[in-house]
Amino acid sequence: MLNIEEIFKILPQRFPFVMIDRILELEPKKKVVAIKNISYNEEFFGGHFPGKPIMPGVLIIEAMAQASIILFYESKDALKGKDMVYYLGGVKVRFFHPVIPGDQLKLVIEPLKILSNAAIVKAQAFVADKEVASGEMSFVAKEDAK
Amino acid sequence: MQDIDIEVRNIVAEIVEKSPEDIKPESRFVEDLGMDSMMALEILAAIEKKYKISIPEEKLAEFKTLNDTLNVVKENLCKKDNNA
Numbered sequence: 001m002l003n004i005e006e007i008f009k010i011l012p013q014r015f016p017f018v019m020i021d022r023i024l025e026l027e028p029k030k031k032v033v034a035i036k037n038i039s040y041n042e043e044f045f046g047g048h049f050p051g052k053p054i055m056p057g058v059l060i061i062e063a064m065a066q067a068s069i070i071l072f073y074e075s076k077d078a079l080k081g082k083d084m085v086y087y088l089g090g091v092k093v094r095f096f097h098p099v100i101p102g103d104q105l106k107l108v109i110e111p112l113k114i115l116s117n118a119a120i121v122k123a124q125a126f127v128a129d130k131e132v133a134s135g136e137m138s139f140v141a142k143e144d145a146k
Numbered sequence: 147m148q149d150i151d152i153e154v155r156n157i158v159a160e161i162v163e164k165s166p167e168d169i170k171p172e173s174r175f176v177e178d179l180g181m182d183s184m185m186a187l188e189i190l191a192a193i194e195k196k197y198k199i200s201i202p203e204e205k206l207a208e209f210k211t212l213n214d215t216l217n218v219v220k221e222n223l224c225k226k227d228n229n230a
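Residue numbers (our numbering), protein chains in the order written: chain A, 1 to 146; chain B, 147 to 230.
Treat the hints with care, as some may be off.
Each computed SDA-like pair below joins lysine to any residue, with the alpha-carbon atoms no more than 20 angstroms apart [as the list claims (entries may be wrong)]:
hint, chain 1, residue 1, chain 2, residue 2
1, A, K29, B, S173
2, A, K142, B, A207
3, A, K76, A, E27
4, A, K29, B, E203
5, B, K196, A, K142
6, A, K30, B, A207
7, A, K30, B, S200
8, A, K142, A, D83
9, A, K76, B, N156
10, B, K195, A, F15
11, A, K122, B, D214
12, B, K196, A, E110
13, A, K92, B, N156
14, B, K205, A, V140
15, A, K122, B, Y197
16, A, K92, B, E194
Hints listed in this document are in silico derivations from the structure and should not be mistaken for laboratory results.
None of these values were measured; they are calculated from a predicted model.
Excised from the complex, chain B in its bound form (with noise of 0.2 angstroms):
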């Protein structure tokens, strides 16, 4: 795992307050994890915060599990880098 896979796994592991080994790329964050919507917000601000992104509200859509997460993520910080 990558140093970003592990802190995004570690934010929705405080949020969700669950231990983050029980965070699995694949596990779905409202069906196995029980994310609110309310929780799905924290994640993106935590998120916002920590890398110093911005996300589109759109994307939210798309935080369905870990991996769906960390893509979005990665691709932020990828148009972030190229425009700096």
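Bound conformation, chain A alone (with noise of 0.2 angstroms):
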């Protein structure tokens, strides 16, 4: 629904931190589904672990919280044509399974409490229709002032 142009348009992040690759579903103020393929290739898994590629946590939280920005911009008409940076507050989230090259990270993001410079949301996380992170993050959204 959304290829990575369009997501560029909304997310500030760019290389080597871009952690979804396109937008599967998109309804403003209810729900957004992202999907990030994820391949050996990615430089984190050098390092994470050096002969036993899992995924790090903190980057499927990072995923959520981008999906989570497309989220929050597209149920904002006051937000668009505006350079945002977002802020994430808080953030509490189990992991069940490791996700490794090979894996497709389908995000499902529905919001709690959408006010008008933050928002409350829960997010998913899936492989294969396995869930394999959830939980709530908060951030804010401020006006870029370059």
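Need the complex rebuilt from these two chains, each delivered in its own frame; the hints are there to steer you.
So this is what it looks like as structure tokens:
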């Protein structure tokens, strides 16, 4: 539904820190579903861990956060055309299964509360319909004053 | 204390990571408990979820102490009952 070029119009992150590849579903104020393809070529696999590649949990959180940015931005008409920076406030996430090369990570984000400049969301991550992580995160959005 | 007083105090305690006994009705969230705006948002979302109410964003500024928060919650619960 949104390809990578369209994602770049919303996300401030760039290489090597883009943790979503495509948006599959987008319902402003209700839900976003994003995917990230996990390849052995990911730089972090070189060290995490040598000979035993496992995607770091913090990067799954980052993928959840980036999908949340898309949901927040698309839920706010007032943000259109503005450059925003996003600050994570709090994260409560549990991990159930390791994510490894070849997996396709699916992020499902639903808002618990959206304010004018902040939000708290429920976030879930799946690989082939198996839940690999879930939790809640809160973040604040500020206009980039550059 | 009523049940709701205890429940809301427990929600606040969990989010500011203090024990419920340390939170007095008149403790100031920011000055005494070290709360920030993100924690206030988390408290708002937790309360909305628990009581199935919707608290408008403007009311967040009124969350200054446990007593203030309880007043907002009770006010909203009354409205919900009247509408039911």
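Against the structure, the hints:
no. : hint               : in the structure
1   : K29(A) to S173(B)  : violated (34 angstroms)
2   : K142(A) to A207(B) : holds (18 angstroms)
3   : K76(A) to E27(A)   : holds (12 angstroms)
4   : K29(A) to E203(B)  : holds (15 angstroms)
5   : K196(B) to K142(A) : violated (29 angstroms)
6   : K30(A) to A207(B)  : violated (25 angstroms)
7   : K30(A) to S200(B)  : holds (15 angstroms)
8   : K142(A) to D83(A)  : holds (9 angstroms)
9   : K76(A) to N156(B)  : violated (32 angstroms)
10  : K195(B) to F15(A)  : violated (37 angstroms)
11  : K122(A) to D214(B) : violated (27 angstroms)
12  : K196(B) to E110(A) : holds (17 angstroms)
13  : K92(A) to N156(B)  : holds (17 angstroms)
14  : K205(B) to V140(A) : holds (18 angstroms)
15  : K122(A) to Y197(B) : holds (18 angstroms)
16  : K92(A) to E194(B)  : holds (18 angstroms)
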